[in-house]
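**Q** Residue strings, one per chain:
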Amino acid sequence: MKFGVIRFPGTCDDVDALLAAQRVGEAEILWHRDRDLKGVDAVVIPGGFSYGDYLRTGAIARFAPVMESVIEFAHAGGLVLGICNGFQILCEAGLLPGALLINDNLRFVFRQVLLDVADHDTPFTRNCPPTLSIPVKHTTGRYYAPEPVQVVLRYAPGQNPNGSQDDIAGVVNNAGNVFGLMPHPEHAVDALTGSDDGLTIFESIRAAVSERVPVA
Amino acid sequence: MTDTDTQPRHRELGLTDHEYALILDGLGRTPTDVELAMLSLMWSEHCAYKHSKKLLRRLPTEGAHVLVGPGENAGAVDAGDGLAVAFKVESHNHPSAVEPFQGAATGVGGILRDIFAVGARPIAVLDSLRFGEPASSQRSRYLLEHAVAGIGHYGNSIGVPTVGGEIYFEQSYEQNCLVNAMAVGLAPHDRLTSAAAAGPGNLVLLFGARTGRDGIGGASVLASAELSGGTGGDGGDHAKRPTVQIGDPFAEKKLMECSLELLDRELLASLQDLGAAGLTSAASEMASKGGVGLDIDVSRVPLREADMEPFEIMVSESQERMLCVVEPRLLDQVTAVCERWEVQAAVIGEVTASRHFRILRGSELVGEIPVELLVDDCPLYDLAPERPTTTLYGGGDQRVATDADPATQLKALLASANIASRLPVYEQYDPVVQSRTVRRPGEADAAVLALPVLSASSGAGGEPIPGIAVAIDGNGRRVAVDPRAGAAEVVYECAANLACVGAEPLGLTNCLNFGNPEKPHVAWQLVEAVEGLAQACRDLDVPVVGGNVSLYNESPEGPILPTPVIGMVGRLPDVRHAGRLGFANPGDRIALVGDFNPRRDGSEIAKLHGSAPAGALPGKDVVALRSAHQRVREGVRTRAFTSAHDIAEGGLLVALAECCIAGGVGAIVTLPDGLDPFGEDLGTAFIVSGPTEALAGLRVIGAVGGRELNVEGLLKLPVSELSAIHGDGLAALVS
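Taken in sequence, the protein lines are chains A and B. Residues in the first sequence are numbered from 0 upward in steps of one, following numbering that gives the first Met the number 0. Residues in the second sequence are numbered from 0 upward in steps of one, following numbering that gives the first Met the number 0.
Excised from the complex, chain B in its bound form:
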């Protein structure tokens, strides 16, 4: 942007001329500065979903277990026994590309606030990360190191365990890294809280951190435009660093405990967190949901800097703040709880019957906007999808010869950044705080959390201990090959992960990370991916209870790989029987479960061969897929299986090697005739082990035992060597 001096103000703020005309029409006059600032944010892609809202209506959102669907701060499902599980995934991509530590940290902070805003205590965090190629890019190693440190800093310090996640490295994320954070919370059904403001005359209370100039315009400047690239010097994205918010997990810890205590004592009429677009978004959404109006007096907002303008106060994205509605008679009690937690609180306005959002500075009216204009009247755009005629993404360097022997290829896969052990990363996160974690990262394909508080008498007399399983997944490479089939595969794979611990899906949340939707080829990826997601949700009967869209992930080199990320929550009847991924008992047989039709297009081996993500993904027999998931779930729940692991990136040999490495024991296997040892067909098939009788009716392919992975006619490698290669792959890059 070179001519900002001559640009009309609305364009500087990201509004089109057409949108500005609608605003003039809606107000019947020219907006004031504060009104224009508020409207530009509420009408940004990040807040209004103007390029995706119509599309998202195609996702199934209803199901037997859904308690709260999309629309609130987080969706929630029924986990049984009167307990609700609230969860949501959200992106913090652009802030993390500009300032990875604070961007990732505040991503975690923001998603945690969404969870306790609905009245649930956060019990788990997961994250999904994408960076450029770490071997060749110093920038990607820097982003990885600092984003991981930022996530750990926030989650570890606030006392919420980080129980799972995934990381992939692809050239297309070089300028636009992805940092998606998911949080899961727990609440009794009747504690679930709405953000809808109610009761004209009730007070609007802002509590938590003071409001400063940090993060001004984050939603429009960062989240709704392409990054220009470049990190050094005076220009480029470096100059955007002041738009990134700074996180303080200590402040949020107090805010969380304070909010939960206020809800426990039933002192609040409604509760809302402040995220993107700050007070503007929080207050207008509360008013919109409640069908009321609000008067906010900016002179009553506690500030970090005394001379802030009304528009700055209204759009500041300072972290660790919440907004609530309180009946006047309860104000003293609310204030007392805030004081106990050393959380600053101020009455900044009140609920009105006017359906208008009025901004005052003392007695002076500085802005007045109909709530509907702010929240509902942003135009929604149809996409103009067009299937690209050529592949959008190139191949990379060839890392292993296509005709190398199977042992060499397997070792290259295990050492590759996308498949190597994630231990160096998850060792930087606390997975156990809150004493619920029954399966930690590395132990199983999904994290498992006990629902009741564990005590000496848990499970006494054979009583089951119910729990939930959570997993997060995405695979941009395969979605690039075929957005519809690839997006569906992500859902299947997430469900497969849950099946491996014995859990049945209750619901999912998604984060759609794509390039610029105004470009026809990106629009096509987005439309196809949403169709694929919707189909897979119907196939597995898993509703979408919430999510987030992150568009404009583009740099001058092009769009990122289309990356829908799925977070899924499932229930298992007894955590004592939760599955593990590692082989454990020498003598156990090994079986291949599922209709496995591997292909190399879009696979990790294809990547190591230097191939572009192109071609076709395997077709799926959904009936067979559902039945394989069911078979694995049952085998795990009944303890018939010793281990269960889904065959994911890298294919069958990688899955077998992972089972050996995790268990520290070898295996002798004969592959079925003609089966590609490195092809992929995600979400359809599993490696399970167990006694002979437990595997009756399954396709037995070998046995557990010895110290080598011995695949008849293909390779024979010591598990210790596989383990070392797998362990060093990422460690060498992050140390």
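Just chain A, with the same shape it has in the complex:
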């Protein structure tokens, strides 16, 4: 299978996501100005500060040409993983419910956190163990949604780094094919760098794709 990792100006974790994806399949970078998704089976919108996070995190990136194709891809059932800034972009694009607000202590936070997998019945978490050790790093990661949402990951008790509603760390859309999370699974793919728990998310995607009819 092939992952496409989107690069906007200001994206920082694109190479990390590419390397993580390449541990389970093929992967290539998709340029923000291109509309062609090059036949990838899953799209990763990585972390960073797309367009400098000016105006509001993710607010400008959602208008990038590549996002038009990502929205079409998602509506057709394609798998989309948004990590950190990618999660923020998916919320801004209306592909996921809710919004990310500035952390309750108003500061950037880096922390290795424990996550409880609240829903294993998704294409993104089917191969995950019950808990994951994955780092978070963000200033704007406090999830808020006025309506009930499909929660996939929660910060384990006492681990919530940003004050997010109901300890929510990651959610999927109603169709279950678009997943956004604040923690960075691409930074937990090798025990040498701290943890390899995040790899199970990429492995889940590969397993899910191998069972699906490809999206046209």
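Calculated from the structure, these hints are not laboratory results. All clues stand as given, with none of them false.
No more than 25 Å apart at the CA atoms, straight line, and that leaves these computed lysine to any residue pairs for SDA-like: (1) K715(B) / T691(B); (2) K53(B) / P384(B); (3) K1(A) / S456(B); (4) K49(B) / R10(B); (5) K49(B) / E11(B); (6) K1(A) / A459(B); (7) K715(B) / A416(B); (8) K37(A) / E338(B); (9) K715(B) / D402(B); (10) K37(A) / E341(B); (11) K37(A) / A335(B); (12) K53(B) / T15(B); (13) K52(B) / H17(B); (14) K52(B) / L26(B); (15) K37(A) / S454(B); (16) K37(A) / E260(B); (17) K52(B) / L66(B); (18) K37(A) / W340(B); (19) K52(B) / P69(B); (20) K1(A) / D35(A); (21) K1(A) / D196(A); (22) K1(A) / A455(B); (23) K53(B) / G25(B); (24) K52(B) / S554(B); (25) K518(B) / G394(B); (26) K49(B) / L23(B); (27) K288(B) / D24(B); (28) K37(A) / I59(A); (29) K288(B) / G68(B); (30) K1(A) / S457(B); (31) K288(B) / L364(B); (32) K1(A) / E210(A); (33) K518(B) / S554(B); (34) K1(A) / S454(B); (35) K288(B) / A345(B); (36) K1(A) / V452(B).
Residues from chain B that keep clear of chain A, each with C-beta distances beyond 10 Å, as calculated: (37) D213; (38) V365; (39) P671.
For each residue, glycine too, the CB sits at the ideal point set by N, CA and C.
Given the coordinates of chain A, assemble chain B onto it according to the supplied hints.
**A** Then chain B, alone, in the frame of chain A:
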């Protein structure tokens, strides 16, 4: 300065009458406005190193691993496998004292540009910070909070991990905080690029941000004069805030990717960043290194404000700009890469054979200066060092009684701002982006980065995964006690940090933060410290590949503590065996490695007792020191040791407590007879743990296990209590 109206212009710009006479002589006429502005900056302390250049020649700069020594934007060493590691530390002290967030942020931005200007991709940032006493000074807490936020803002946003650093708090930094930033980059040997302009007829291209009025005179006004103190109201340093540049990490991210792609495609003849003194410094140094001249047309420089004067354009320190030399036939390709990254680029001039730097506004010539006059002819001054007869720095408040029991003293040390956990600070930095970080802050005494890109097959079949270790260190308190021995100790300690992860030093960079060198006692500190650095470099066979000098760190209360900061890069053969600082295995023995001769002068316990930094530092047996470093390195590399930690500030008990806290496990220890549990002797000795057989021949002092730190006859404290005290010390001040 009260009589600026009557001052001659050159004095307002920081030039002495003697220097101005040399300029008149060199030009053979009176300089124009733009010429005088350019000369005043290039002849400032910050650009010309006029009070330190002669002294810096005493530092050893050659070694087996050196690829690029001092002189380029950053030095570089050979890390093996055809890879070069470029690195440099630089100060941004005065801007940070005036506007901490932007000062610190642009400090990071500036040092990153130095790294990618030599063709290396930045892979790590470290920082060294000094502030006044946070418990009593609201200003110091403000500076700390905003400087840390500024560093994080820039490093986190641009995607370069902040992997290490250090912070100390002393009264003498109350008005002059120090913000030193170090960056490390990686490049194949053949990608290393020079700033030397070449090829008359080639085009000079300015790319990146537009040029505005920000930062005008930063190098001369801020970096080369004492601060007056005072932050509020209309006067004092508050009024200097407009001289501080504003950073935009998003612009620099695009600029960095664009620059690296231009170099990847071999489209540039040379590359240079714009830092202090802006276009003036960047262009004249390119011309000087290349032995050529340049014509620059200011009317072709993209501006933020339409009505800027030529001198403003030439000296603006607007951030996120680069200058390069391009062969005319490659211009279209260069422009295409810039467009792809949405980076503005403009041809602003060309290389000439004249050895003159000519400034034009359209067809009008507004300035013409021989390159040599600008770059090389600034007079260099000899210092007039004089050893002070009395100590320059007072003691502080007494925080713990000298006769308090050892448990109370240990707890006071662990809670003190200088020793408490740095977690509240480094939690604000991203240490993992770029997927190389094998040891993060808090896990070991130095950061460890893998050199090859890690993949599923890394280390397959037992193949080693080579890496580098980086650390940054400084200790003004001890340098104040004895500038020569104290400066040497900083080098030893930095190397000791590297040894604890199994790394051998390749080279170092330094930032010399001192007071006003025109004052004899400061000159003495500076001369002695440089001698100490040079000696320690020779002792350990570590060359200096670059650095920076920050002088005039004085306020009406006096000079800062003399603060040489050392950043060191080392290599380790296999990052899978990188050391950790925490005890881990109950039953492991604990050994003291090294010839440890602790004294209290200049120590943290002496500070808590209210003593001034005075007395004498321990002498060092360099042969024993080298052998201890070697022993620790080997024990770590062979995985014989479970943990390794150097005995640094606070002394032996603090080091033991740190090993327990990091590992979440206790220890039972018997101290050698007569050993001062709180004295310090930095860089010489280590606490290691491992199985009994791994510690053969070493001085075993105890064993890992239980939930308490139990030091026979001295104290018995739960690790949970030590951990809480250590964790809260700084957290209470920054929250």
